[in-house]
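There are 2 protein chains.
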Amino acid sequence: MPQYNPPLRDMQFVMHELLNAVDELKQLPAHADIDVDTINAVLEEGGKFASEVLAPINLSGDLEGCTLDKTTHEVKPPKGFKEAYAQYIEGGWPALGCDPEYGGQGLPVLLNQALYEMLNSANQAWTMYPGLSHGAYEALHAHGTDEQKKTYLPKLTSGEWTGTMCLTEPHCGTDLGLLRTKAEPLGDGSYKITGSKIFISAGEHDMVDNIVHLVLARLPDAPQGSKGISLFVVPKFKVNADGSLGERNPVFCTGLEHKMGIHGNATAQIALDGAVGTLVGQPNKGLMAMFVMMNAARLGVGNQSLGLTEVAYQNAAAYAKDRIQMRALSGPKAPDKPADPIIVHPDVRKMLLTARAYAEGGRALSMYVALTLDKALSSGDADERKEADDEVALLTPIVKAFISDNAWIATSHCMQVYGGHGYIHESGVEQFVRDSRINMTYEGTNTVQSLDLLGRKILSNNGAVLKKFGKKIAAFVEEEGTNEAMQEFINPLADIGDKVTKLTTEIGMKAFQNPDEVGAAAVDYLRVAGHMVFAYFFARMAKIALEKKDSGDSFYTAKLYTARFYFAKLLPETASLIRTARSGLSPLMEMDEALF
Amino acid sequence: MPQYNPPLRDMQFVMHELLNAVDELKQLPAHADIDVDTINAVLEEGGKFASEVLAPINLSGDLEGCTLDKTTHEVKPPKGFKEAYAQYIEGGWPALGCDPEYGGQGLPVLLNQALYEMLNSANQAWTMYPGLSHGAYEALHAHGTDEQKKTYLPKLTSGEWTGTMCLTEPHCGTDLGLLRTKAEPLGDGSYKITGSKIFISAGEHDMVDNIVHLVLARLPDAPQGSKGISLFVVPKFKVNADGSLGERNPVFCTGLEHKMGIHGNATAQIALDGAVGTLVGQPNKGLMAMFVMMNAARLGVGNQSLGLTEVAYQNAAAYAKDRIQMRALSGPKAPDKPADPIIVHPDVRKMLLTARAYAEGGRALSMYVALTLDKALSSGDADERKEADDEVALLTPIVKAFISDNAWIATSHCMQVYGGHGYIHESGVEQFVRDSRINMTYEGTNTVQSLDLLGRKILSNNGAVLKKFGKKIAAFVEEEGTNEAMQEFINPLADIGDKVTKLTTEIGMKAFQNPDEVGAAAVDYLRVAGHMVFAYFFARMAKIALEKKDSGDSFYTAKLYTARFYFAKLLPETASLIRTARSGLSPLMEMDEALF
Chain E
1 MPQYNPPLRD
11 MQFVMHELLN
21 AVDELKQLPA
31 HADIDVDTIN
41 AVLEEGGKFA
51 SEVLAPINLS
61 GDLEGCTLDK
71 TTHEVKPPKG
81 FKEAYAQYIE
91 GGWPALGCDP
101 EYGGQGLPVL
111 LNQALYEMLN
121 SANQAWTMYP
131 GLSHGAYEAL
141 HAHGTDEQKK
151 TYLPKLTSGE
161 WTGTMCLTEP
171 HCGTDLGLLR
181 TKAEPLGDGS
191 YKITGSKIFI
201 SAGEHDMVDN
211 IVHLVLARLP
221 DAPQGSKGIS
231 LFVVPKFKVN
241 ADGSLGERNP
251 VFCTGLEHKM
261 GIHGNATAQI
271 ALDGAVGTLV
281 GQPNKGLMAM
291 FVMMNAARLG
301 VGNQSLGLTE
311 VAYQNAAAYA
321 KDRIQMRALS
331 GPKAPDKPAD
341 PIIVHPDVRK
351 MLLTARAYAE
361 GGRALSMYVA
371 LTLDKALSSG
381 DADERKEADD
391 EVALLTPIVK
401 AFISDNAWIA
411 TSHCMQVYGG
421 HGYIHESGVE
431 QFVRDSRINM
441 TYEGTNTVQS
451 LDLLGRKILS
461 NNGAVLKKFG
471 KKIAAFVEEE
481 GTNEAMQEFI
491 NPLADIGDKV
501 TKLTTEIGMK
511 AFQNPDEVGA
521 AAVDYLRVAG
531 HMVFAYFFAR
541 MAKIALEKKD
551 SGDSFYTAKL
561 YTARFYFAKL
571 LPETASLIRT
581 ARSGLSPLME
591 MDEALF
Chain F
1 MPQYNPPLRD
11 MQFVMHELLN
21 AVDELKQLPA
31 HADIDVDTIN
41 AVLEEGGKFA
51 SEVLAPINLS
61 GDLEGCTLDK
71 TTHEVKPPKG
81 FKEAYAQYIE
91 GGWPALGCDP
101 EYGGQGLPVL
111 LNQALYEMLN
121 SANQAWTMYP
131 GLSHGAYEAL
141 HAHGTDEQKK
151 TYLPKLTSGE
161 WTGTMCLTEP
171 HCGTDLGLLR
181 TKAEPLGDGS
191 YKITGSKIFI
201 SAGEHDMVDN
211 IVHLVLARLP
221 DAPQGSKGIS
231 LFVVPKFKVN
241 ADGSLGERNP
251 VFCTGLEHKM
261 GIHGNATAQI
271 ALDGAVGTLV
281 GQPNKGLMAM
291 FVMMNAARLG
301 VGNQSLGLTE
311 VAYQNAAAYA
321 KDRIQMRALS
331 GPKAPDKPAD
341 PIIVHPDVRK
351 MLLTARAYAE
361 GGRALSMYVA
371 LTLDKALSSG
381 DADERKEADD
391 EVALLTPIVK
401 AFISDNAWIA
411 TSHCMQVYGG
421 HGYIHESGVE
431 QFVRDSRINM
441 TYEGTNTVQS
451 LDLLGRKILS
461 NNGAVLKKFG
471 KKIAAFVEEE
481 GTNEAMQEFI
491 NPLADIGDKV
501 TKLTTEIGMK
511 AFQNPDEVGA
521 AAVDYLRVAG
531 HMVFAYFFAR
541 MAKIALEKKD
551 SGDSFYTAKL
561 YTARFYFAKL
571 LPETASLIRT
581 ARSGLSPLME
591 MDEALF
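Chains as they are written, first to last, in UniProt numbering: chain E, 1 to 596; chain F, 1 to 596.
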């Protein structure tokens with residue numbers, strides 16, 4: 001069975017040494033009291049919960065899956081999930097990043113994000129239950145009426161109730177404008193909602209007394225398309241005025257999907273059979289309200305993939321040190337044993353280091369974005385909030401798509417390290433591959449992310465936000481320009497920065513002629529942009545490692561070598577990506593549809 | 001449920017138009033009577049069997065898996081597998097490529113290979129039962145005594161019995177030199193064999209009366225390591241002198257593996273508890289004898305991946321034409337519908353064309369190697385046999401690793417085309433991804449393949465065999481040098497040919513200093529070599545397509561566009577691969593093992 005050791009040291013390195021997070025957070029009125037000890041203590045306790053409570057029920061949860069009782073419409077998650085959830089709320093974990101007004105601890109997004117990385121490493125399927133809840137909390141916090149907030153937020157904060165997001169219908173996922181679920185006003189300010197939803201994560205389970213569904217539906221007079229969608233909150237059990245639970249609302253789980261992975265999470269088909277709900281936000285502005293939840297969810301998906309990359313790496317590295325098989329081509333390295341541990345083989349190391357570099361790069365990026373989100377939410381300065389918000393918007397599709405694509409590569413490499421044993425369920429590593437696969441698809445496919453990045457976040461503002469981020473890179477390049485030891489990192493960083501600028505301009509010009517050029521280049525472009533961002537963080541981490549590597553702490557040596565590996569073996573992927581991005585639309589569109 | 005349409009036209013194109021296979025085969029004494037009609041008739045009938053009998057039980061077989069009765073040690077494959085197998089032997093299919101002396105039809109390897117591509121598209125898990133049998137047939141045909149051949153070959157040819165290869169043990173897979181299973185002589189020419197084997201595909205089932213296990217084991221006086229391994233044939237039921245079945249041999253299935261995919265195949269743990277067998281080939285030369293089977297199996301694995309790539313492509317293409325979602329960025333393409341079919345989106349086309357190009361390139365390569373294998377086996381000229389054999393040896397690791405890596409990429413892309421629906425079992429496409437994953441690992445991991453290619457097949461003979469293949473490329477480049485329409489294909493082909501030559505020399509030089517440099521570069525190198533080979537075949541196919549595209553047959557237009565796509569979007573991967581291959585060993589070895 002796989003093991004999980006929370007990477008506390010690397011998390012602390014990123015927070016305290018790379019991002020100087022405490023000083024940054026202290027500038028924000030909401031976090032003026034934060035300190036290093038609090039952060040470290042929370043990380044340590046969260047790590048214990050992840051490794052001791054969640055990791056042991058991950059493999060068994062995958063094998064068992066969830067079960068639906070078709071007569072009662074009730075769902076049982078795998079053994080141990082309910083008990084783990086009870087411990088989770090007992091520990092007060094759901095409240096970590098929530099508003100003190102509703103019982104939350106008001107800690108930074110950054111810390112909540114670090115907690116979730118660990119939960120995801122230990123058990124992605126389980127973590128989706130509280131993860132979806134937190135998303136529902138955020139949407140209601142941002143767009144709910146006072147009444148809705150009073151009714152739902154304390155329970156979501158305590159974790160006594162969980163939440164879902166009910167968007168997808170059988171005929172529409174990416175294109176929510178096509179959705180058909182109907183909401184009819186009942187005249188008392190509430191609505192009767194009827195329709196069928198699918199792919200509802202954490203959609204039904206017996207771990208809590210009530211489930212708060214956020215449902216997209218159409219009002220009777222709604223315009224067609226995405227401008228006619230409204231958001232409703234629909235509880236599983238109606239809530240009485242005194243907060244006690246009332247009658248069962250007809251929002252039923254009618255089926256569970258058989259999925260490639262995340263078996264422990266109940267992916268529900270939900271039938272709304274005249275269920276009663278209330279409107280969240282403005283009529284016909286539901287998609288906008290839901291985007292609060294969706295953007296958080298996209299960062300969350302990157303974080304899921306970061307978690308899987310880390311845990312897959314840890315286990316594959318342990319296996320590679322333990323498993324003996326063949327001799328090094330350069331001669332025996334463990335002559336006392338009948339064969340060498342497979343970590344002597346260069347390609348085994350390459351697979352391991354790929355996962356390690358993608359984990360460390362992903363962590364730096366994820367934490368940077370989380371800290372920036374804290375600024376966007378809590379800065380006292382409106383300009384700083386706006387600037388931070390723009391940067392989060394720019395980086396969100398990269399966090400979601402780049403980290404999830406990387407996790408697919410990394411977990412598969414880690415599985416390969418196990419040889420045939422990796423294909424066997426008991427190894428646990430094939431589960432990481434299967435679980436990670438959904439991350440490339442849900443919350444907006446990675447193609448959708450790439451269009452969001454290149455079309456909406458970059459070209460629509462003529463690259464203004466990208467340029468601001470580019471200035472940070474340029475400043476660092478400038479700053480280290482005379483540092484001899486940094487040249488191996490600074491030169492390729494400067495180079496990829498220039499190339500992204502040129503590539504962006506070139507695609508922008510082509511897109512004037514034909515907007516489909518954006519679609520032809522976007523996926524390649526996103527990976528190039530992702531590498532630029534990773535190169536920036538690896539260069540910055542290498543700088544710290546170079547300064548401290550003689551401290552006697554081998555952590556810095558390892559960090560330096562991982563950065564070197566990244567520049568030598570992963571960043572060069574951009575050479576191909578830039579070519580294919582530049583080769584444009586025509587090789588994709590020549591073939592008539594009928595010939596496919 | 002996925003559908004499968006045998007790609008008869010493309011198979012016939014490769015055989016008859018690209019490879020001119022019938023004329024080539026007619027030169028071989030064993031196949032002097034072959035003709036186009038026979039080939040096409042066999043393909044058509046084989047395709048019917050695959051699509052009508054095997055495809056319908058693929059998804060259900062995945063869900064059901066195999067069941068072991070722990071008291072009787074008997075295994076039941078999924079519903080329908082036994083009946084399909086009965087139809088398979090009734091149709092005489094196992095005999096297709098077998099020696100007429102033992103009841104075979106003596107048809108070319110090429111044709112058998114084409115049959116297997118279709119069987120694998122329809123149902124890889126099922127196809128492994130006859131596939132392993134055919135491997136056992138080949139090993140016994142090449143190395144068995146007359147007695148063994150007489151006893152086993154007719155039954156393997158008719159399909160009444162099936163075969164296995166029992167190599168792996170819990171502590172050794174890649175490194176068979178470590179194996180521990182013991183063979184003790186019984187004095188009557190037979191041996192008592194004791195040990196534990198794992199990962200035995202098709203290791204136990206109830207589809208036939210007897211199973212012929214080929215088992216690697218050590219004789220009492222055997223030298224340590226891989227030079228002390230002998231090969232034995234161990235039937236499930238002993239065979240009496242009159243050919244009837246005798247008593248049960250103690251070779252028992254003690255467990256079935258829970259795997260990521262190929263659930264319909266019984267991957268057995270096998271206990272040999274003093275089972276009686278006879279020696280195949282020379283004592284202590286078992287690995288060499290087994291390599292006959294293993295080389296065939298490696299080509300077979302490439303063929304499995306080709307099959308999965310093709311079927312995944314077909315289904316994803318159909319889905320992309322049917323599923324409507326969003327509008328093209330360049331404006332509505334199906335204004336009469338509420339949204340456009342997703343095939344209008346450039347990235348959806350990119351994913352589909354990637355799978356299509358990998359299928360068509362893989363088919364050209366696979367069939368070329370199969371035809372070359374026919375020459376190696378059946379040419380009347382010893383020099384031609386030797387030359388063909390060398391070329392097959394060179395290309396085998398490329399067929400195995402390049403096509404299986406490509407299938408992993410392609411099936412995942414096809415799954416992505418389905419959006420969230422691809423993650424659901426019922427779509428069938430996630431099964432293709434899971435099934436394809438084992439192909440990168442078994443029969444020698446893809447890392448092992450890359451070391452075989454670069455170390456053994458290329459550097460050990462100073463690139464002599466590679467140069468011969470390079471001359472074919474150079475001749476084609478020369479021949480088309482003045483053909484204006486071919487420049488878009490010929491120039492990059494010449495370029496990649498040059499680059500492979502330079503890269504090979506450079507790695508060879510480095511390897512003199514440190515043999516581990518081979519291990520650092522080999523995986524990247526194999527993909528570069530694979531692309532060179534694909535570029536060669538796509539250029540040749542493009543030439544035919546250019547000549548015939550005005551014939552009114554849109555097949556040639558599609559072929560031309562697929563070739564253009566390949567050169568524009570896939571071949572450029574080599575730009576990165578060459579860089580990472582050249583960046584060498586040091587970024588992989590700097591980190592101390594303890595720091596992983």
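Be careful, since some hints might not be right.
Any copy, or any two copies together, can satisfy a pair, since identical chains are not distinguished.
Unchecked claim - With a straight-line Cα cutoff of 16 Å, these simulated EDC-like cross-link-like pairs (lysine to aspartate or glutamate) come out:
#: 1; residue 1: 70; residue 2: 247
#: 2; residue 1: 149; residue 2: 426
#: 3; residue 1: 26; residue 2: 37
#: 4; residue 1: 337; residue 2: 247
#: 5; residue 1: 321; residue 2: 593
#: 6; residue 1: 467; residue 2: 389
#: 7; residue 1: 333; residue 2: 592
#: 8; residue 1: 238; residue 2: 160
#: 9; residue 1: 337; residue 2: 175
#: 10; residue 1: 26; residue 2: 147
#: 11; residue 1: 471; residue 2: 590
#: 12; residue 1: 321; residue 2: 592
#: 13; residue 1: 76; residue 2: 188
#: 14; residue 1: 502; residue 2: 33
#: 15; residue 1: 472; residue 2: 498
#: 16; residue 1: 321; residue 2: 340
#: 17; residue 1: 150; residue 2: 101
#: 18; residue 1: 549; residue 2: 592
#: 19; residue 1: 82; residue 2: 478
#: 20; residue 1: 472; residue 2: 592
#: 21; residue 1: 549; residue 2: 590
#: 22; residue 1: 510; residue 2: 175
Hint data in this document are derived by calculation from the structure and do not stem from the laboratory.
Which earlier hints turn out false for this structure, listed by number in ascending order? The structure conflicts with hints 1, 2, 4, 10, 11, 13, 14, 19, 20, 22, although it agrees with all the remaining ones.
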